[in-house]
Amino acid sequence: MHCERIPLRKVKSIRENLRDKGLLKNFLGEHPHDLIQNRLTVESAPQKNISQQPLRNHLDSVYVGNITIGTPPQQFSVVFDTGSSDTWVPSIYCQSMACVTHNTFDPFQSTTLLFPSIVIELHYGSGTMTGLLGYDTIQMGDLIIKNQTFGLSLTEDDMAFEHATFDGILGLAYPSLAIKGTTPIFDTIMNQSLISEPVFAFYLSTETEAGSMVMFGGVLDCYYKGDLKWVPLSKPHYWQIPLERISMKGKIVACKRGCQAIVSTGTSMIGPRKQVYNIHKRFDGYYLQDLYVIPCSYMKTLPDIVFTIEGIDYPVPARAYVQEVRGQPWGLVLKSGAGRNHWAACWEEGAPYRPSCTTADAPKCQPHQHIPPPSGGEGSQRFPQKQPLEGKGKTRTTTILKSIWRLHPGQAQYQAQGEGTTKGLGPQGASGQPGPTDG
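Counting along the sequence shown from 1, when you hit position 303 you're at 303 in our numbering, and nothing is skipped either side.
Do not rely on the hints blindly, as some may be mistaken.
[Stated by the list, open to error] Capping the alpha-carbon separation at 25 Å, the derived lysine-lysine pairs in DSS-like fashion look like this:
(1) 251 to 229
(2) 180 to 249
(3) 146 to 180
(4) 251 to 300
(5) 281 to 256
(6) 249 to 229
(7) 274 to 256
(8) 251 to 274
(9) 251 to 180
(10) 300 to 10
(11) 274 to 249
(12) 235 to 249
(13) 281 to 249
(14) 256 to 229
[Said to hold, decoys possible] Restraint-style ranges between C-beta atoms, simulated for each label pair:
(15) 312 to 108: 49 to 59 Å
(16) 230 to 146: 30 to 40 Å
(17) 277 to 324: 19 to 29 Å
(18) 295 to 73: 44 to 54 Å
(19) 111 to 288: 47 to 57 Å
(20) 225 to 142: 21 to 31 Å
(21) 256 to 324: 26 to 36 Å
(22) 231 to 73: 33 to 43 Å
(23) 147 to 288: 46 to 56 Å
(24) 3 to 176: 23 to 33 Å
(25) 242 to 301: 46 to 56 Å
Calculated from the structure, these hints are not laboratory results.
Everything numeric in this text was worked out from a predicted model, so none of it was measured.
Think of the CB as a built atom: it goes at the ideal place given N, C-alpha and C, for glycine as much as any other residue.
Taking the hints into account, I'd like the entire structure generated from these sequences.
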């Protein structure tokens, strides 16, 4: 059995960076919890080349790993996120501060890049990442994934990414969550027969910066004791599972009639506001912005929070759900989620829930519309030469696409902003019209 291990490291979260710089209060005011209210609803399904992913889901991401993209390889630090399906990194064409402070992909340097010139949008709460779709070789450990779709950001208009300790995101959820027509990286790994079993697993250490791991193709027995417990998915969209109850000291404190949960490696633990309040009131503390604060001296007396799944109790100790704030004599307990009615029974189980191993067994791929790479072999579609590009947003994106069309007339295509049709940038385009004109 081939099982590839990619080391993960525990880093400072966006929340910690914003707090240290005195920016957290303003950020939380601009990103209210209601922005995550549609996490489990049908409305969150992707439309055309647009994907909705609440930015708050990555506010507490602390486990990141390295990948490389292109030939020769360019390295990036990414969140391996089971709560989303798209993979993207900043590009050299992005002039946002979030890109300036991170590693950026240089398409001009990769000889294996294929480029269909399709514009994409990823919405994160009140912010938006606008970018271009590309195909290139992505390497994770010894896994070499060819012609993998990924996004190259042109604009990132939210300050949170400026303060992130990771460059981009690698999505591991279902194709139904991905940008329409694209294939998530884990599905590509299976399609290219790079692993012997359709399984990936996480081992997340809470004690040290090093030691965490994501495994593809199996679960190494050195990372767990006893037997693995498999839980059927309740919906193949997110990694969504049924919860029976949540209890403390034998008393049910939430999820009394059963509820749903998403297992997400890219987020902290999030729950419905009323149910989280019911847990908070059992501690002697107070609210500070969206968090509950208790004295750190209480840590030794706090009970486990027990999640019951398929009849098995999974205890979460206090050290996993309380975050000690450096330089302060207090800690932060959990965090509350959206309070909308249709979210009333949904939990998102993040890093605090998984002090050990979490596995995901992928069923057979569901058929979905696929955007094929441009024809002509590897490297046939080239980016424009490095040069200053004037304008912002859509205007600047169009400038880049015009440059590509001039280099490769008749090959490039793009998805028109706000429209449902694919337009050609050359004589062979879908619209049958010549490429964009100046002005």
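Outcome of the hint check:
1. 251 to 229: 24 Å, holds
2. 180 to 249: With a Cα-Cα distance of about 46 Å, the restraint between residue 180 and residue 249 is violated, given a limit of 25 Å.
3. 146 to 180: Between residue 146 and residue 180 the Cα gap is close to 20 Å, so the pair holds against 25 Å.
4. 251 to 300: 20 Å, holds
5. 281 to 256: Holds: residue 281 and residue 256 sit about 17 Å apart, inside 25 Å.
6. 249 to 229: 23 Å, holds
7. 274 to 256: 13 Å, holds
8. 251 to 274: Measuring from Cα to Cα gives roughly 17 Å; hence the hint holds.
9. 251 to 180: Violated: residue 251 and residue 180 sit about 44 Å apart, past 25 Å.
10. 300 to 10: 24 Å, holds
11. 274 to 249: The given pair, whose Cα atoms are some 20 Å apart, holds under the 25 Å limit.
12. 235 to 249: 31 Å, violated
13. 281 to 249: Satisfied, since the Cα-Cα distance of roughly 15 Å is no more than 25 Å.
14. 256 to 229: Answer holds: residue 256 to residue 229 is near 23 Å, not above 25 Å.
15. 312 to 108: 49 to 59 Å: 53 Å, holds
16. 230 to 146: 30 to 40 Å: 31 Å, holds
17. 277 to 324: 19 to 29 Å: 22 Å, holds
18. 295 to 73: 44 to 54 Å: Check passed, 48 Å falls within 44 to 54 Å.
19. 111 to 288: 47 to 57 Å: 52 Å, holds
20. 225 to 142: 21 to 31 Å: About 27 Å separates the Cβ atoms of residue 225 and residue 142, which means 21 to 31 Å holds.
21. 256 to 324: 26 to 36 Å: 31 Å, holds
22. 231 to 73: 33 to 43 Å: Holds, since residue 231 and residue 73 (Cβ atoms, about 36 Å apart) stay within the stated range.
23. 147 to 288: 46 to 56 Å: 48 Å, holds
24. 3 to 176: 23 to 33 Å: 27 Å, holds
25. 242 to 301: 46 to 56 Å: For residue 301 against residue 242, whose Cβ atoms are near 31 Å apart, the range 46 to 56 Å is violated.
Of the numbered hints listed earlier, those contradicted by the structure are 2, 9, 12, 25.
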